[in-house]
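Chemist: So the sequence lines, in the order shown, correspond to chains A and B.
Take the first sequence: its letter number 402 is residue 402 in UniProt numbering, and every next letter is one higher.
Take the second sequence: its letter number 38 is residue 38 in UniProt numbering, and every next letter is one higher.
Keep in mind the hints are simulated off the structure, nothing from the lab.
Virtual Cβ for every residue (Gly too), placed ideally from N, Cα, C.
FRET-style restraints, in silico, Cβ to Cβ:
(1) 87(B) to 404(A): 56 to 62 Å
(2) 37(B) to 126(A): 38 to 44 Å
(3) 37(B) to 117(A): 51 to 57 Å
(4) 323(A) to 71(B): 43 to 49 Å
(5) 164(A) to 57(B): 32 to 38 Å
(6) 129(A) to 44(B): 42 to 48 Å
(7) 96(B) to 123(A): 25 to 31 Å
(8) 221(A) to 59(B): 54 to 60 Å
(9) 189(A) to 73(B): 41 to 47 Å
(10) 193(A) to 40(B): 39 to 45 Å
In case you want the letters, here they are:
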Amino acid sequence: MARDTLTGSRIRERRIMAGLKQAELAREANISPSYLNLIEHNRRRIGGKLLLDLAAILDVEPTALTEGAEATLVAALREAASEKGRAGPRAAVEIDRVDEFAGRFPGWAGLLADTHRRTVALERTVETLTDRLTHDPHLAAALHEMLSTVTAIRAASAILAEPGEIPPDWQRRFHRNIHEDSARLAETSRTLVRYLDAADDASSEATAPQEEVDAVLAQAGHRFPAIETGATGAGALADALGADMSGTARRLLARHLRRYEADARRLPLATIGDALQAGGDADPFRLAGALGADPAQVMRRLAALPPDLLPDPCGLAICDASGALTYRKPLADFPMPRFGAGCPLWPLYQALSRPMTATRLVLEQAGSTGRRFRADAIAVPHGPAMPDRPALFEAHMLVVPDRAETAPDPLPVGVSCRICPRTGCAGRREPSILPDAAREEF
Amino acid sequence: MGKELLLIEDEPNIIEAVSFLLSRDGWTVRTHSNGADAVEKVLKLRPDVVILDVMLPGRSGYDILRDLRARSETANLPVMILTARGQNRDRELAERTGVTAFMTKPFANGEMLEAVRALAPVT
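Okay, chain B solo, but in the shape it has when bound (with noise of 0.2 Å):
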C-alpha cells in the first residue's frame, strides 16, 4: 500500500488534478476542503504528507499549519503550503510557522511530483 497524502484545497479541479497526478505516481491521495475542521481530518486520518492550501473557506492555512506544529502527533509531520501569494514575506511567515515546503500557483506538475516525493517519509 503507497503513502498516504491529505490535499486540503477548496478549489475541485484543481483537486482533481492534483489527485490524478499523485495517484498515478503511487500516493493514496484524500481530500479535504473545509478549513475549520482541518486539523481533526489531519488527526483522524494521520496521513504521511499534507498538501495544504493558504485560503481555505473556514480557516486559514497558516493557522491550520500553526496548530498542527504545537501538537506532539503533527509536530514533525511534513507540510506543504500550496499558495498564490509567493512574495518573500509569505514564505518567511510559512517558514516561522513550520512548514516543510513551500509551493506557489500556478505550478508545473513535474514541480509537484517532485516536491511531494522529496517529502516522503524514509522507510
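Only chain A is shown next, with the shape it has when bound in the complex (with noise of 0.2 Å):
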C-alpha cells in the first residue's frame, strides 16, 4: 500500500495513542464518527482543513499523519527483511506493506531497526573474528605450535600407557620428550594469552571501526562548537570523544577532526554563513567561486553548518578513489547505506571518473515519496602530489532537498540495489528484495 493511502491509518494510531475515542475526535473535528471511520480505513482521502484540525487536536505535525515513517526507518526495515535466510516467502509478501507497518507502528519499527543494526553489528564482530583465526599470521602460528606440541605429548602419553613392554631407552626418550613439549606447551600458551591481551580492546576493533566514527559523528549532529570556536583543538577532542572507542576507530576520528579543524579555520563559521545568506541558497560551487575555497572544502563545512544558519538541511557522502563511503551523513529521506556501497547512479561516482569537474544532477529518490535531491559533486585530489605517481581522487556529494522541484527530468536513483524497487535499472549489480524488482530477471 503506498504511503500516502495510509493517512487514515496513522490518524487511527495516534488517536488511540492519545487515549481517545472515534466519536470524541470526530465530535471535536466537527466530523460524524462514521465518516471519520471511512477515513480511519483509508476509504476516504483526507487533506486541507480537515487534516490540519485532526493533527491539532492529536497533537502532531500535519506531516506526521501523511507522510509517516521517516524513509531511513523504512530503508532499515527493508535492509532487515533482505538478510539471507530471514527473508522466507511470508516476509517476501510482507515487504509489499513496510510503509504500512512503519507507519502504524513507529515504535516497533523503529525496534526492530535498531535490532537489525545490533545484529548486523554483531555478525560482522563474528566474522571479524572469524577472520582473524583465518588470517591473523601469529594467532596461527601460535595456534598450530600448540596443536603440534600437543599431538607429539598425546603420541609419546598414549605409547607409555599402553600395555606391553617397552625397551628402556625409548621410555627414557617418550619422558624427556613430554617433559620438553609440556614446558614449551605452556611457554606457547602463555604467549598466546600476552597476544590476546595485547589486543585490549578486541572486541570494539571488530566491529568496524567507520561505524564507532558514525556513531560518535552522528550523535554529536556532525558538528563540533569547540573546534569552531578555537576553545579545543582536533586532538583533545578526539581523545575525550575517543576513550571508549577501539585503537582504530580513535585514529579515524582523529583523523577526521583534524580534517574539520582544518576546513574550520580557512572557513570560519562567521565567513561562510555569511556568503551562505549573500547568496541564499547552499549552493557550493557558488560558495567556492565566492569565497576563492575548494568546492570539497565549502561542502563539507555546509555539512557541518548549525541548521538555523542553513535554507535545507544538507547531507553529504565523500567515497575514495574505490568507491567506498568514508563519510556518510544522510538525510531523513535521502539515506545512505551503513554498509557496501550506494547507488551507482549518484554523480558521487560519476565524479570519480571526470576529477576536477563540477556535477550537478537532480535527483528523484526511489520510493513512494519519490523526493527530488540537487546533488553536487566534485572529485578532488586527496593526499600529496607524487612524481610519475597517478593521483588519488576523493569524491564529495552535497545533497540538499530540491524545493522547486521543477527539473524535467530528475535522475531516478536508490539507496542500494538490495532495497531499490527500480526496475530496468542498468547499474543493478545484485538483485532487488523488493517484490518487483525482484520479478525482474537478473
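Mind assembling these two chains? They're in different frames, but the hints should get you there.
Modeler: Listed below in C-alpha cells is the structure:
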C-alpha cells in the first residue's frame, strides 16, 4: 500500500495513542463518527483544513499523518527483511506492507530496525573474529605450535600408557619428550594469552571502526562547536570523544577532526554563514567561487553548519577512489547505506570518472515519497602529488532537498540495489528484495 | 622386509613418536623435515606410503602433493596429509589436490595405525 494512502491508518494510531475514542475525535473535529471511521480505514482521502484540524487535536505535525515514517526507517526495515535466510516467502509478501508497518507502529518499527542494526554489528564481529583466526599470522602460528606440541605429547604419552613392554631407552626418550613438550606448551600458552591481552579492545576493533566513528559523528550532529570556536583542538577532542573507542576508530576520528579543524580555520562559521546569506541557497560551487575555496571543502563546511544557518538540511557522502564510502551524513529522505556501496547512479561515483569537474544533477529518490534532491558532486585530489604516480581522487556529493521540483527530467536513483524498487536499471549489481524488482530477470 | 613409509614432518617429537609406532607395526620408516626438497626425497626413496605434514619449512604440503600428482611415477602414490587444520575447506582442498587420506592433529595412535595400514598397497 502506498505511503500517502495510509493517512487514515496513522490518524487511527495517533488517536488510540492519545486515548481518544473515535466519537470524541469526530466531535472535536466537527465531523460524524462514521465519516471518521471511513477516513481511519483509508476509504476516504483527507487533506486541507480537516487534516490540519485533526493534527492540531492530536497534537502532531500534519506531515506526521501524511508522510508517516521517515524513509530512513523504512530503508532500515527493508534491509532487515533482506537478510539472507530471514526473508522467506512470508516475509517477501510483507515487504509490500513495510510502509504501513512503519507508519502504524513507529515504535515497534524503530525497535526492529535497531535490533537489526545490532544483529548486523554482532555478525560483523563474528565474521571479523573468524577472519582473524584464519588470517592473523601470529594467532595461526601460535595455534599451530600448540596443536603440534599437543600432538607430540598425546602420541608419546599414549605409547607409554599402552600395555606391554617398551624398551627402557625409548621410555626415557618419550619421558624426556613429554617433559620438553609440556614446557613448550606452557610457554606457547602464555605467549598466546599475552598476545590476546595486548589486543585489549579486540572486540570493539572487530565491530568496524568506521561504524564507531559514524556513531560519534551522528551523536554530535556532525558539528563540533568547540573546534569552531578554537576552545579545543582536534587532538584533545578526539581523545575525549574516543576514550571508549577502539584504537583504529580513535585514529579515524582524530583524522576526521583534524580535517574538520583545518576546514573551520579556512572557512570560519561567520565567513561561510555570511556568504550563504548573500546567495540564499547552499550552492557549493557558487560559494567556492565567492570564497576562493575548494568546492569539496565548502561541501564539508555546509554539512557541518548549524541548521539555523541553512535554508535546508544538507546531506554529504564522501568516497575514496575505490568507491568505498568514508563519510556519510544522510538525510531523512535520502538514506545512505551503512555497509557496502550506494546507488551506482549517484553523481558521487560519476565524479570519480571526471575529476575536478563540477557535476550537478536533480535526483528522484526511489520509493513512494519520490522526493527530489539536488546533488552537487566533485572529485578532488587526495593526498600529496607524487612524481610519476597517478593522482588519488576523493569524491564528495552534497545533497539538498529540491523544493522547486521544476527539473523536467530528474535522474531516478535509489539507496542501494538490495532495497531498490526500480526496475530496468542498467546499474543494478544484485537482485532486489522488493517484489516488483525481485521478479525482474537479473 | 616391511613396506617403506616416508614421514615428511618438521616436528622432532612427532617424528619420534610416529616412527616408533609405525616401526613397531612393521614399517620401515624414513623421515624428512624440509618441504623444499621433499619431492626429490620421495623420488629418490620411492616409498610405498607418504605421510605429509602441511606446514613445512620451505614449501607447503599441498604444493608438494600437487607436484607428486603431476608426475607419472608418483601420481598414484598413497599420500596421507597430516594437518592441524581440519575444517571442511581444508579437507576439500586436500581432496582437490589428490590426497589419499587426511588426518588432523592431534590424533590417536590407534587412528594413525589404522589409517596407514589402510593405505598399504596390496601385494
